[in-house]
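Got two chains here, separate frames each, mind docking them using the hints?
Same order as they appear, the protein sequences are chains X and Z.
Quick note on numbering: my numbering labels position 86 of the first sequence as 88, and the sequence is numbered without any gaps.
Quick note on numbering: my numbering labels position 275 of the second sequence as 308, and the sequence is numbered without any gaps.
Since the hints were derived computationally from the structure, they do not count as laboratory data.
Just so you know, even glycine gets a beta-carbon here, dropped at the ideal spot from N, CA and C.
Don't take every hint at face value.
Taking lysine to aspartate or glutamate and the DMTMM-like style, the derived pairs with C-alpha atoms no more than 20 Å apart in a straight line are [as the list claims (entries may be wrong)]:
{"no.": "1", "chain 1": "X", "residue 1": "K81", "chain 2": "X", "residue 2": "D48"}
{"no.": "2", "chain 1": "X", "residue 1": "K67", "chain 2": "Z", "residue 2": "E266"}
{"no.": "3", "chain 1": "X", "residue 1": "K67", "chain 2": "Z", "residue 2": "E161"}
{"no.": "4", "chain 1": "X", "residue 1": "K67", "chain 2": "Z", "residue 2": "D146"}
{"no.": "5", "chain 1": "Z", "residue 1": "K267", "chain 2": "Z", "residue 2": "D315"}
{"no.": "6", "chain 1": "X", "residue 1": "K67", "chain 2": "Z", "residue 2": "D205"}
{"no.": "7", "chain 1": "X", "residue 1": "K32", "chain 2": "Z", "residue 2": "E161"}
{"no.": "8", "chain 1": "X", "residue 1": "K37", "chain 2": "Z", "residue 2": "E136"}
{"no.": "9", "chain 1": "Z", "residue 1": "K129", "chain 2": "X", "residue 2": "D65"}
{"no.": "10", "chain 1": "X", "residue 1": "K32", "chain 2": "Z", "residue 2": "D205"}
{"no.": "11", "chain 1": "X", "residue 1": "K32", "chain 2": "Z", "residue 2": "E136"}
{"no.": "12", "chain 1": "X", "residue 1": "K81", "chain 2": "Z", "residue 2": "E161"}
{"no.": "13", "chain 1": "Z", "residue 1": "K267", "chain 2": "Z", "residue 2": "E320"}
{"no.": "14", "chain 1": "Z", "residue 1": "K313", "chain 2": "Z", "residue 2": "E245"}
{"no.": "15", "chain 1": "X", "residue 1": "K140", "chain 2": "X", "residue 2": "E57"}
{"no.": "16", "chain 1": "X", "residue 1": "K67", "chain 2": "Z", "residue 2": "E136"}
{"no.": "17", "chain 1": "Z", "residue 1": "K160", "chain 2": "X", "residue 2": "D65"}
{"no.": "18", "chain 1": "Z", "residue 1": "K160", "chain 2": "X", "residue 2": "E44"}
Just so you have them, the derived chain X footprint on chain Z, three or more residues with Cβ under 8 Å [said to hold, decoys possible]:
{"no.": "19", "stretch": "126 to 140"}
{"no.": "20", "stretch": "160 to 170"}
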Amino acid sequence: MMTNQGNRVTQGQFSFLPDLTDAQITAQIKYALSKGWASSVEYTDDPHPRNTYWEMFGNPMFDLKDPAGILMEINNCRKTFPNHYIRVIAFSAVRGVESVTMSYIVNRPKKEPGFGLVRQETDGRTMRYTIHSYATDKPEGERY
Amino acid sequence: MSPNDSKTTPDDIHVDLDAEFKASNIQELLDQLDRELIGLKPVKTRIRETAALLLVDRVRQKMGLTAGAPSLHMCFTGNPGTGKTTVAMRMGEILKRLGYVREGHLVTVTRDDLVGQYIGHTAPKTKEVIKKAMGGVLFIDEAYYLYKPENERDYGAESIEILLQVMENNRDDLVVILAGYKDRMDKFFHSNPGMRSRVAHHIDFPDYSPSELLSIAKLMLASQNYRLSPEGEKAFGEYIKLRMKLEHFANARSVRNALDRARLRQANRLFLGAKKNLSKTDLMTLEAEDILASRVFKEGALDLDGDEGADHSA
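One chain only, chain Z, in its complex shape (with noise of 0.2 Å):
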């Protein structure tokens, strides 16, 4: 059955999705999504349904029902720490195998690689990105310092309008991923208002729950071979419920960040300990001392020691 040709395809003809759906791996994906991301509801049901829509794309294309390519560019939001840059590497992999672009590969950019610095110069850095990332995902990081109003004379401008022009024309050849803080880039597609036509998917990315960051916290440490102790663990809760109501919360940044002062800690702890025969699961284990011992306990103050997650530049 290779009915490729609208008009000889009788409508009788039957599809198993089913199997389409076993045949192209997609579960294995999303499971695999499910395992590595904690949370991120919003983001997964997304992820879902493109694949369901790729899918039966597939399957039309089969029956001869053809449409054009779907459009997929993306505009990710929400708080620091929030995984927009942890999904935007992944999305790359999940269309390829999706069979959306050719080679999934992810070019991340921010507005230094796009915006030139004298007339002239902006639209062949652009046009170089661009087709450094065509076959794949172009992720722009803090897309809203493209535009700033406040300088007729900015080159910022230029670089949208290509980028505009690319996203419209070559939509088959590269997936254009925006990412930034909320508000700001509300702010943005206020005042370009042909790029908020032009991106057809708004994710908000929700801030996690502290269960939530706990799990991430444990995924973290298995990926870097290190473990908590039980009561490392009811420590650790403690602390994100301290650490949360704190200011500059930058969700898993911030665990991150506690997590290698942590391992600082267990470091030191083990170098002035009595015990100098260590076994691996000395090595492996972050105790609830060493949680304890932060600033955050202690003074319900933030540790000094670079704990600013948060971008408050602006």
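Just chain X, with the same shape it has in the complex (with noise of 0.2 Å):
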């Protein structure tokens, strides 16, 4: 059964969607700041649902008024790394809350291998299940 065609990585929001386009994201920054919420927009390679810790491209933009200027960063990110995962995170500083309250992907590889199943044997005969992106298999900086 292949409920998610295309093996496209689906984390964070709007995955299950058709990629957003310039102005979907400029309205969803538009929402952020709104909120007073600072977005920052991290790249990695790395599609494992589990690897939240993605690197970051540039300093969080505190203060901004305007989401043209967060746009841009995207599209920088967009040209210096054209084949990996990019996101974009809004950070919320409200005390008691202090942690990541948006996270969307705006930009993908191509193609995306997808994921297969390993199976391990352990003690007596139990199997232990774990997925394995077939893209990690190449080096980082080579992957797609």
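See below:
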């Protein structure tokens, strides 16, 4: 059974939808700005769902008033890493929250090979299962 | 009527420019400007022209006649205290009302905020400032400090490079206003021709006349809930005339400093005076004696306590 055709990585918001257009991204950033959240751009080429800490592309952008600046940074990142996963996160500094409140992918590799199931036989006849991205067989930077 | 497509718009459709003008509240904005900024004819003329251009542009767009967004980067030159910063503050709001910028906030920076201290520090610093200013106005005060020709390894040039690029490519995201004294700005543009050609509007701020300075003084006092008595007003008119002849005269800034000192003297007069039961009018009024106590009258010299409105550090 294949529920996720094309092996698209689905993490963060909107990941089951078609890729966001720039206008849609701008609208999302505007929403984050209206809430006073600081946006930042991150990238990675390791698509494992538990890979939470992606590389930062520049510093988080505080005190911005307009989405254009963040969109510019997204486009810079796309230019530098055209075949990486790029996501935008919004950080809320409200006391008691102090964590990421939005996270969505804005760029993905052209071809996503997907994940394979890895079986490991351990004590007795116990089976352990894990997933493994075909992309990560190659070293970092050459995956896509 | 919604002709968005130039191909389908017939030539004989008419747009009521007057109605558009009324709908945009521009007149109210211009009136407010006239009320709150004294003098500054060239500035007001330019703002009016810009308003007209943006309005006509909007109407043209309705007719399907598109043209690129006009470049609104500006350069304010003028002597100290002629209102460059004050006008820049207003500019953000004005451009927002005219629908040219989205947010209309003002980010004021000087060389320190743009230029880094070591290699690779300048670009991120400049870009961060630019990102903050997007959707509004980036005001670079004393812009000529960005370029230091005597030091070849100065990072200012890198900052200028990035600014130029953004001024060209992100024209509809932000408006850059450069400000500084006339002669030094001229020198700056002379050594950065790229900058000169990208700044479309060069506005020179004229010096104020004595009567304009007096109106400015009254406006400043009114905003602080003070006023001049009739004799005080006459005395201040005299003060301005005398002060203008002295060195380091910085137009409205000198006026502000003089008023601050007058407030000091007024407070002292009230404190030492026999009348301990003060009315609201007493507290609000600056009398002639508060003004006439200035050294400008007695000795024809500057007051000592920091009357250096003009920047003479150069």
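Which hint numbers does the structure go against, in order from smallest to largest?
-> Hints 2 and 14 contradicted; others consistent.
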